[in-house]
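> Next come the chains, spelled out residue by residue.
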Amino acid sequence: MTVKVEEKLFENRYRVDEGRAHIAIRAPEICRDRCETPSCTWCCPAACYTKAEDGSVILSTDGCLECGTCRLLCSEHDNVEWSYPRGGYGVLYKFG
Amino acid sequence: MSGDDQAAAPSAAAARRAGGADLGAWRGVWVYVELERGRVHPVSWELLGEGRKLADHLGVPLSGVVMGPDDAATAQACDEALRHGADAVHVVRDPVLAHYRTDPYTRALTELVERNRPEILLLGATTLGRDLAGAVATTLGTGLTADCTELRIDDETRSLAATRPTFGGTLLCTIHTLEYRPQMATIRPRVMAMPKRDPQRTGRVIEEQVALAEDDVVTKILSYIPDADADKAQLAYADVVVAGGRGLGKPENFRLVRELAELLGGEYGGSRPVAQAGWVGADRQIGQTGKTIRPKLYIAAGISGAIQHRVGVEGADVIIAINSDPNAPIMDFATYAVVGDALQILPALTEALRERLGRRVAA
Amino acid sequence: MAEKFDAIVVGAGPSGNTAAYLMAKAGMKVLQLERGEYPGSKNVQGAIMYADALEAVIPNCRRQAPFERAVLEQRMWLMDERSHVGSHFRGTVDADEQPTRYTVIRANMDKWLSGKAQDAGVLLICETTVVDLLKKGERVVGVRTDRARGDVFADVVVLADGVNSLVATKAGLRPRVKAQDVALAVKEMHFLPRHTIEERFNISGNDGVVVEMLGKITKGMVGTGFLYTNRESISLGIGCMVEDFKASGVSPYQLLEELKSHPSVRPLIAGSEVKEYSAHLIPEGGYNAIPTVHGDGWLICGDSGGFVNSVHREGSNLAMTTGRMAAETIIGLRDKGRDYTAANLKSYRRALEQSFVMKDLKKYRDVPEILHGNRQFLTTYPELLTRAAHTMLKVDGVDKLTKEKEIKRDFVARRSRFGLFGDAIKLMRALR
Amino acid sequence: MVMHIVVCVKQVPDSSQIRVHPVTNTIMRQGVPAVVNPYDLVSLEEALRIKDRFGARITVLSMGPKMAAEALKKCVSFGADDAILITDRVFAGSDTLATSYALSSAIRTIGAGQPVDMVFCGKQTIDGDTAQVGPGVARRLGLQQLTYVSRIEHLDPEAREIVVHRRAEGGVQVLKTKLPCLVTMMEGANTIRFADMDAMFRAARCQPIEWDHKAAGIGEVARCGLKGSPTVVKKVFAPPPRANKAEVIDARDKPAREAVDALLAKLFAKHPQIEEEIDR
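The listed protein sequences correspond, in order, to chains A, B, C and D. The numbering of the first sequence is my numbering, which starts it at 86 and goes up by one. The numbering of the second sequence is my numbering, which starts it at 31 and goes up by one. The numbering of the third sequence is my numbering, which starts it at 620 and goes up by one. The numbering of the fourth sequence is my numbering, which starts it at 582 and goes up by one.
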């Protein structure tokens, strides 16, 4: 079964802070060269992390649900710079 | 604050509550012919086409209104209005009307309406049309339905049923002005069909006099900057938008997107990732929060269609997605999903359309 | 001139709202900071609300709180790929008794309780993220927000900023939450007409049904699925330990999608309109993962302190109770004119130890560990049980005694006699 | 004395969250939050920039139910000084004509204290999308009307002069006029600020002033609300749904040109208006 997480995210309400991603990959080459189990690419419930053909990991925080999973996953390389979005930005749950 | 409600709306009493027998005193369909900088906006011809149908249905004449300086362009606009279906044209020729400014245009149009009492007044939903219609309707104290996409006559009430999108296009609503005249509406460009131009058609050109003096007009035009000089993307208003994403591989390949956009007379743009990578300027980013595009045709090449992108382009009438991944999210909300390499498909599409347009020109 | 308050509460969830409300009611000048657009806009819960914890704060909450449905029926399903065996408990309460559990929509709940707090005098500022604590030596003296001129001071800071506990972590007051101590849950809100929900679940009025699901739906990971009926919607979700997701290669949304298509679940949500998809971490480390909960000028409560009883799926009541105890501790010290030093705030920890909060967490302190090392509770047993049910219920000419033997053989084959015995002991120990 | 600027705002449902049920084609409104009309925030930000440069007192004004006070508080959190909500049953059912009457009356009342130099309105709202209230207010108050402004090029509060770029079809008009004027800003002209903590505190403590029609200085109740609205909404309905599955043209197994021809044939057959559009 292929699941379109974008379909799910489309139902959500977001206020995107243009040009200010609240999560960043510290050193892209670590993802590409040193990480053998990029669990962020399957564990992130919003599929913010995707693996590119060259093995690097691309992060797009637009659909981020701010759960914090990726921050905890990346314990070995500690390569995720994680903070909450600025006040009022990010996902805005209607029901929660 | 110098304004006074009564002074600013001297004619309100005349139009308001034109109830009962008075309703009949308002007769005819009027189309405002938007003449700016010597050119008539095509929406005016579209409205004459639509106005013709309404007038015929009601059994009343259709008139155009032309306002401008006393020059050849104004004269030609009058003739063209007749050729596009008007029975008569009311024209105001005055140097004060050389460029659009709210005050003198509002004064002139308001006076003409009061003098001639049309039951319906249609304007294009352009920046000019919406600026002018809002001012005129307030001055007349009558109802105005903005940005309509469909017009009809309700036979029961003999009133104009104007349908328009609301809530950002999520819904449609139909609005009537029952007890006030004229019934005003602005209509979105390129919604109504362009009528057939009849070069033989003639009609009455009625010269109207309105006392205007440049000294009374506070607002002055300093200059006009045409868009071609400004090189700023007008994505929000474009009827055709072609956009590219990361699937194009490298910035050089963006040429393919620009070429197709140019051929179609549309605008080009890029997805958020390529805008961030600097392949296109930030003003051409599609899928930015709060910036939605609403073209008739949207072509997305090599764009996966993540959440923000979808929100940004969903208002497009037709979406053609070109992507090598049949499972890309955009393939779900597109109207047509072409599975294939954008670098092959884009030039083929440009070529096919160029041939087609070439044939038309030749014919 | 920077503002100064008696207390600052970080976060407007159940624990923050409770703490802020009680302190303001006791006459303190309280500032509450919330990073969302409104209270609840960043919060996710199943959600079931326990009335007694709320009642301890707002005495006649039942009449005013935005409860969705009172839980009349609890179902527990053990599931394999295509079927489930389950238990139902359905019971109406006595006339003089009140229901104890309600389903809620979390955003509504948080807004409502925050409204109470604001009515009591709490100054609430939303859309403002606290990024750090201000310290004078070891003493916490205020917070730093993400806004210009954003330092605000207070005598005491209550940290109720949720499971990620970023503020306390950054200030070095607690270690970072560990992947093995948290579960990741994803959830969808399925909207259906009220009468459709009532027909499908055989309920009426304000009665509701909750279904807890265990078994193969989690693909061998430690976790559960849940389905709660709201008035006009169904909350459907599934959660597993983050560490397990990491090891399994399974995506949470994949798991949710498969749960939705499970033959036992699919008809219940058929024709629904999904209006939200959410994800959230749940601290499930239990007693052993609770950090230091107080220090010079600060207290921690709710999810940010790891106060969740994962065995009984209780979180919001612990959040409200710890928020209440934090407030009571602070009010008690203020009344006695004593400073909010680490030594004085120790009474918070004592109060927690004496309450059901710590007693329950202590009781189940070994459960997380046992489940981690013994996946059979979640995979093999549900499968064996559903198979047993199939075997017993199938009318195929085989006599019942033979069937029983077959089932027994099945169990022993999969877990061995010794394994079965050991599992029983482990579970008993953990749950005792 | 610094300039006095009134910014008119409206609390609207976040229309991006309104969904049409794919099966029943009915409107679903659950969980649709109320927000400040995004276009109004562009105008508010422009007013705030004027305040930053020249100093100004900014009054935000809204008409709506009592809950619209939240929208005004939000505006104060960005840096507005005063907030006034005109709220009264007589306003219920107002169309744009009645709305501009009520707002202009209130602005006149506000101006009785300190004359108003500039009024800002949103270009349009995201719920009504009419773009008529701005011109209506300008007309009634006799203000110079500057709609679709993409840039304020120059402002001289002393000389009471303003130069703006106004979007026209195919270009930009550079207009020079006198205060008092009314401005509606184009989207994209600016981005609303992330205000400092002081503004957040002021907003948290601010209770917008509530005026009924009398307090707002509205003389003729008959010109308000449903009674004062010439337009009548007869029907609200969802547009016919777009085919929810894309028509797929697989170009992997054939030459690109062949796929393109197949695409265009389908496109023009099903969407003649696109053919017309392309041929223009």
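It should be emphasised that the hints constitute simulated quantities derived from the structure, not laboratory data. Treat each hint with caution, since some may be false.
As the list claims (entries may be wrong) - 25 Å max Cα-Cα, derived PhoX-like pairs, lysine-lysine:
#, chain 1, residue 1, chain 2, residue 2
1, C, 623, C, 648
2, C, 730, A, 89
3, A, 136, B, 250
4, D, 795, B, 326
5, C, 965, C, 789
6, B, 326, D, 826
7, D, 851, D, 826
8, C, 754, C, 730
9, B, 326, D, 851
10, D, 647, D, 757
11, A, 89, C, 835
12, B, 83, D, 647
13, D, 835, B, 83
14, C, 730, C, 894
15, C, 754, C, 1013
16, D, 757, B, 250
17, D, 757, D, 632
18, D, 826, C, 735
19, C, 838, A, 89
20, C, 648, C, 835
21, D, 759, D, 632
22, D, 835, D, 816
23, C, 735, A, 136
24, C, 894, C, 644
25, D, 759, B, 250
26, C, 730, D, 647
Unchecked claim - Cβ-to-Cβ under 8 Å is the rule here; a few derived chain B residues that face chain D:
#, residue
27, 88
28, 112
29, 117
30, 200
31, 284
32, 357
Here a beta-carbon is modelled for each residue, glycine too, at the ideal position from N, C-alpha and C.
> Does the structure break any of the earlier hints, and which numbers would those be?
2, 3, 4, 8, 10, 12, 13, 15, 18, 20, 22, 23, 24, 27, 28, 29, 31 and 32
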